Amino acid sequence: MKKLFITLFLLCGGLLGQAQSNKLTFTEYDLDNGLHVILHQDKSTPIVAVSVMYHVGSKNEQPDRTGFAHFFEHLMFSGTENIAPGQFANLVQQAGGEHNANTTQDRTFYYEVLPSNQLALGLWLEAERMRSAKIDKAAIDIQRGVVKEEKKQRIDNQPYGTIQEKAFANAFTAHPYRWVPIGSDQYIDQATLEEFIDFYKTYYVPNNAVLSISGDIDINQTRQLIQKYFGPITRGTRQINRPNVQEPQQTAEKREIVFDEVQLPAVVQAYHIPKQNSPDAYALSMLTALLTGGESARLTKALVDQQQIAAYVGAIPMQLEDPGLFLMFAVANLGKEPEALEQAVDAEIERVKKEPLTEREFQKLRNQVETGLVQQYTTNLGVAEQLANFYMFYNDTNLVNTELQKYLNVKKEDITRVANQYLTKENRVVLHYLPRANQR
Amino acid sequence: MKHIYITLLALGLSLPAAFAQKQTPPPPGPAPTINIGEAESFDLKNGLKIYVVENHKIPTVSISLILDNDPIIQGDKNGYVDLTGTLLRTGTKTRTKEQLDEEIDFIGAELATFGGGLNATALKKHLPKLFQLTSDVLLNPQFKQEELDKLKTQSLSALASAKANPNQVESMVRNTLLFGKNHPYGEVLTEKTIENITLTDVQNYYNNYFRPNVGYLAIVGDVNTKEVKKLVKKYFGPWKKGNVPQQNVPAAAPVNGTRVAIVDRPGAVQSVVSFSNIADLKPGSADAIPATVMNSILGGPYSRLMNNLREKRAYTYGVYSQLSPNEHTSQFNALTSVRTAVTDSAVAQMILELYRMRAGEPEATELQRAQSLVSGSFARSLESPQTVALFSINTARYKLPKDYYANYLKNVAAVTPAAVKQVAEKYITPTNAYILAVGNADYIERRLARFDADGALEYYDVNGNKVDRASLEVPAGMTAQKVLDQYITALGGRTNLEKINDVTITSTIRSPQASLTMTQIQKGTDKIYQSLKYGSNEVQRTVINGTKGKALSADQNRNLTADEVREQKLKLALTSILNLDKFGIKKNLLGMERINGRAAYRLELTMPNGKRTIYYIDSESGLKLREMEIEETNIGNATQTTDYGDYREVNGVKIPHRMILHAGQQGVLTEVQKVEINKNVKDDAFKI
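Chains as they are written, first to last, in the working numbering: chain A, 785 to 1224; chain B, 434 to 1121.
One chain only, chain B, in its complex shape (with noise of 0.2 Å):
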């Protein structure tokens, strides 16, 4: 014993220094208590229900109106509820939306309204005024067509940015795959449902649901309720209550198998991928608080997906998974945006750890984790006096007990490890969701196929509709000179590019460091003159006439190759096209390759000296999308590529307008500025 006991101290005396180098972290004081607070309610006689927080920290107040509405299923004119919710600050009565924009500003308020109902800030002083204005934005709104036609031209343009938004694209595609295009969740916003929508509907949205008996107004901040009181019934007071219609939410319907759809964004450097399925989650049900525990563990801040996707493997910048209840219904979905070339692993990752979710208890150090992130989050939510109204307004509005918000620490604290699988496996549902990919098809379209249940892709346009894919199959019986012709035939025609004998072509190039003016004039099929300026200075001269050509610059003066001479004619000319064979030029079809989401044939142009130019041709317009020059090099081929686009037409022959040609990793643009055909061009201009 005593043996021991010296080798203890003996122990004793060496530790300290091997465990001075490992400090551990510092352990928690006693708890703080955590006290909600109290919001004060009363009811208006008009049936408006109001809750007060008081809050003195800042001279700041708030008043929020949330309207407790189904959602409705606007069809045809979908869009009507926000822009009733819009269009109520657009004037009153007595305001024009001038004077009114005039008078928030003035007294550096916001006042925001939006279908569901409103939110309005100044500072302390300017409270009366603020529920003035609040109150007239609110009961005597003057709806104008005038209002309503501008905002329907802001909508427009806000559903052309989101489109062009990957995050927003995978939004609105996913909620439309999940409900269906007749369920409110999952009705498409479009340019033809906005341009329907009339002042009549929005009168009678208005007139409907914008009602005092459905409304719960919350006023926090630096106020006392006395005083509040008072305000709100003469503001709010003469509001008149009505019948609101209630709605009848169908339920939605599970997806049918694990099914992968594909929005396509030709060119994009990532994707954004979702997995979703429908979750049926009530506000304030038993398995509420251990979903969000789960959801947390899975896909929250700090989480298992976070730590696979992002810290072991670095295919993305941030991975979060979404639980929330729902009156109605809802949706679990978990979404990242990863680079095009991981797009599949990224999938096989996130699907493997929404497996393991449902196949295990969590370990008692991570749940225990979890459940300090969402009491965490809790605590911290409560330095905002919103947060207390807020509670109030849920407790009334989804009829959850009256100590709900009390208890909810004691219930976090309380979920089991069989808790959160159980809610794992009820809610998260692999076999019966959608995969969908916002992202380059041409590249990730071969490699998401193994997820889909039938491995039958499905595409969908932005606009949430199924879209076919064009196939990359070079049609039975297609060759290159049918493909020679389909371009000249969209060019305008032979008999039309033959009419041209003169053609002048004035151009602009930008390029980040300048803008140069380019002049082209060719006649016949053997006259060309290109000159580039910079402001009035000539840089660059270019002349070919017959067999002969010659290239002048600041630093050069020199006779072209006859090769040159052969490849400047084929580049610049308009009609050589027509003239290949008498070039000595052969050609040969390739095959089919997607050019910025359109299906090309890749002619292949190759020159008697053996030099290869390849066409790019739109299969559907016929028209020519790229060229691409590939120079045989010592050190491998080189290769230079240029993009058509703005085709117009000018005496019947379609001229492309737009040039960029790509040089490392910035374009240089072209644009066509004029276009002058037959103007008697005399031959003196190609003089040698």
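This is chain A alone, in the form it adopts within the complex (with noise of 0.2 Å):
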């Protein structure tokens, strides 16, 4: 017995140390033309991920120009002043790595992911592209093509693939949140080509971007090749189009019935929720874990195991810069009416308003959390990705460390509070898709 207690204690102790090591180091620094850099060393595999976000998304668009941020992540592939058109990939690819890129409503975040003695290779390219990337009307033409077919299959040819978008168009009047970044394929035709430029020189510039690189590298030499390639580029001047609309206050519930290439009927809910760096962020994520998080969370267990009256439920609190949506996803099972759905889930959602948590399922939601967490750094992309989320949205890149706490701060009583306060009738928007089978 005292054995057994002995080693129980080391274990515990080898626990301990474990924890500690495994913080992560990172360097951050400015250069003169306010691009901001984070540096973290990982030297378990001879790889390297470079990154650069761009602090530009949909809501910095035009209303009548919407998917102009997202056409630009296709556009900057394209090539630069010195990369030939379709160069750009082949010279990723002739040096054994991958590369790839993706819009949201507030950043454009690009990334190639190299053998570790590729890393120069990486930073010029970024450099390139942050420096003189080609805009003419040869790519843009063949871009336009490439975006439309995009949409289509991503989005209009897919079941339930509209969601996103209709649930932002219903629930935002003012806020450019009211468009998605896919956008819509008339706008990029009609914009014109000194449009795309000042596009590219407004916020393709070292004073909006992020450049942040996690690997298996030397932290000198990497600052010295930095300084090398991003130095020289100069700083932009042109005004930045930060949109700072309050969406007026949603009062009334809005519901539409969209017809789909569908063969189950599905609910969706959606509820405004609170710009992301506010202090309800980490306890509305907790309410979204209680609810969807795993087969034992309350929806779940409700409606696909024991009422069996949904295929699938999940939800995704689209926690943004500005105040977002708290997405609500129910697909019918086979033979269930759409209203009965929706009732059911708005029991549950009742359920959690007045019923508080145990215990024991507090507990469990900040386990999950720590797994969640914890599993978001087990790739150098996702730790370089993480670093520049946090500060540039956070203003606090050692979030990366203290992010955790943040969640064990919520108490039991916050997470029935917010979804008293955020999970009301007033405050949603919900949509009915139907199979377009009805529609005959």
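No lab work stands behind these hints: they were computed from the structure.
Some chain A residues close to chain B (C-beta under 10 Å, calculated; not the full set):
| no. | residue |
| --- | --- |
| 1 | 826 |
| 2 | 879 |
| 3 | 904 |
| 4 | 1154 |
Straight-line alpha carbon distances no greater than 25 Å define the calculated PhoX-like cross-link-like pairs of lysine-lysine that follow:
| no. | chain 1 | residue 1 | chain 2 | residue 2 |
| --- | --- | --- | --- | --- |
| 5 | A | 1038 | B | 966 |
| 6 | A | 827 | B | 557 |
| 7 | B | 490 | A | 807 |
| 8 | B | 558 | A | 1190 |
| 9 | B | 832 | B | 715 |
| 10 | B | 558 | A | 807 |
| 11 | B | 1019 | B | 1004 |
| 12 | A | 1190 | B | 557 |
| 13 | A | 807 | B | 557 |
| 14 | A | 932 | B | 745 |
| 15 | A | 918 | B | 455 |
| 16 | B | 1087 | B | 1015 |
| 17 | B | 455 | A | 985 |
| 18 | B | 666 | B | 557 |
| 19 | B | 558 | A | 1196 |
| 20 | A | 1012 | B | 455 |
Note that this is a predicted model, so its numbers are computed, not measured. Idealized CB from N, CA, C, for every residue including glycine.
Since each chain comes alone in its own frame, lean on the hints to assemble the complex.
This is the structure:
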């Protein structure tokens, strides 16, 4: 017995030591031109993730130019002063790397993951893209076609593909979140070459970007390379459009029926929630886990397992730089009606508001959050993105180490409180997706 | 000599300025050593093989089990292997599903089971509990009818969803076409086969095939081998070995010729198109690495196909090809989604690239690029410690040489242009292949016919059953009068229609902006009342009585013209269809057209004033699917389209309960809430 006791003690000691060594260290600084740089060294695999996050997304667009930021993401692979059209991808491929990019409402993110001896190439490519991207008619024409196909493939031709678009369009009347990053085809067709160039010179500037690198790097040598490639890029001087629009408080429920190529009806509820760096954000994330995090979660257990009214339920708090939406999505089981499904969802939401969490339920959420946070840091790319994200939107890069504590500060009562505060009828949009066959 | 020197010097002086504008990419540093790392392995007495990979980067651990069972023909109970896997996770001898769910979630873990094994992950600090739960699920399942029934319902829903997803339809039908319905890779999952599965099927599959002697267990993450050994012995030691039946997986025959198959998806904005053929490529064979390099050139992330179809022609967002080794039998395929209008052009370019790949050796730079890509992706995959475990398991499972992965990069670098051409010729066979399109058949069928060896297209439903395509030829002897008669019969017949004296229909009109209530009352053939309300406010009213009519709304109050009265009667009165001649309406059969996939007659009705309306009458059901009103204006014809559906019988007469008015991009939906017939509506209701 005594022996067992000692073993346990040793194990605990080991764990504590482990937890400390898992602290993520990083170096951050600004170049003279305003580019913010974050570096993290991880020597476990000889690869490196080089990323640039630009503080521009669909909310910076004009209402008659929606889709612009995402279109730009495509255009940024076309070539630069020193890179012939189509060669960007070839250079990455020749180096044995992969690259991609994505656009949200708030930011555009580019990355290369390369063997670590190709760090200089990754830096050079991103510096080229920032300094001298090729924006000409030929490149624009090709990407116009590609982006339209992307919209068809990912949204129009996918069952329930329009959920985000419909939810945001209904929920927002004034704020630019009323359109989503993919935007509308016709606006890109209408835009002139001068508008594209202006967008580039306004937003794709060092003082609007974060360069974040994680991998098998030498910090000093990396700093020198960064100075060499990014140092000479001039600071942007044009006025950046940061929308300062207060979305008026929604006062009555909004509803829409969407006919789609689906077999099973679905019910979507979207509730207005505060912005991502507001104090309630953490409680709202835990509320999401309470509702749909795992098989034992409230909504999943009740609707999928016990009542068998839903084939699937999910919730995502779409927390954004400005107030966003809490999206809940339930697909009806075969033969179940959307009205009944909606009632079942509502009943569980009422229960969350009234019934306090049990102590064990609360501890479960804390454990789930801890696992989820740890898993964001399994890849170098994941680390690089989180570092940039926390700097850009929270002005606190060290959240990579302290975010868990923010969650642990949430009290049981906070979760019930945010449910009561935000999950109300007048604060929501409800969409019913119905099979197009019903139209006939 | 001196002269030349000076010239060079002069040039040299002017050169830097010119060159400064064109930078070249920085060269790589010295190549890093790629250390694959080692999995420690040991066997339990029951035959279970264990692989441990230590990785202390983050404090998580994963447990994965792979059961090396042959694919099996499931026949009229197709789906039971997957259901067995899922059902494992729904209760043990000592834990109900609810308890299991709660205990797994409580430690923030994930535990997923499937037909061929399981995956579990958790933070390191919960490792003993994770072992306990995983072992309980795997060794002591309690299969319950109630849980099986739930899973069957969920499977049916998932199947319904899959059928609505063009990518999934493409994949299901492609496999059925290539391998046939009597092959484990081509078997069709249907509502019927799911219904047929019993608890005994599940129990038998578990008893026979979930055995440690066919199992590979990988433990990866923040662990050390010593602690793992103890845990594995404790939790997996009691697992009993058994005689696991082996299957004889039949070889798949090559496709007979080049065949074009279509799955109709009426109105689709894109076609999902694929090219596919049978390919017999075994894991670890001499062809495996050259085939991977070849496929990367042809259809990898920055490939010939991508460059042609996306970057040059903007037909698609992405196009990829696949050629993966398989122990039994495999396939080559190339796959893309393109807008409907360029479906045939995209197929033509795709096939062109396949022939090009077979016809010549790749250029040196192209090959080198693909080799870098394959090597790079191999190196990057090592970032995940699971990869290392998988390499060790693959080496044992497919009996690969011990140094297969250690030599992988060397062998990729050794692939020659000739080897690439050779594997392209061997594994891409355009003369024995399917071209499959899931899309709007009305538009694409004629355009794809030229790719079929004998020009005869095949049509399939989403279950991979061959279907006949309804012809769009107007049958001999069909006339406008006969179409009209069919329509009247379908509605319930002249006698039933004539029995209607009055009818009151209450509907809801839904548009993105608002929801309105509409009340329509009709009596005889010449009395109509229609009122539109928003909440309790009436926003519009139309009344027709005999030859007179009136329209009232907030901003107008006017009498209708004689033409307008006649139009409204034709449109709104249920029985007007019986009296076309009386209204002076001429009818004409224009031909046929497909409406939402159904062959419909186009019946044109022309008013005395020349205004035209086209009825689309379903050639099978006889019901009206659509109505298109044509208004001739100075600047051309304006049309307004309404679709009709959800016909329900009331007093022997079929009444559409769902109407969509297409105005611009948005559809305005009208849903009928209530239909009341012959409730003796008084004439006063229609007073003007």
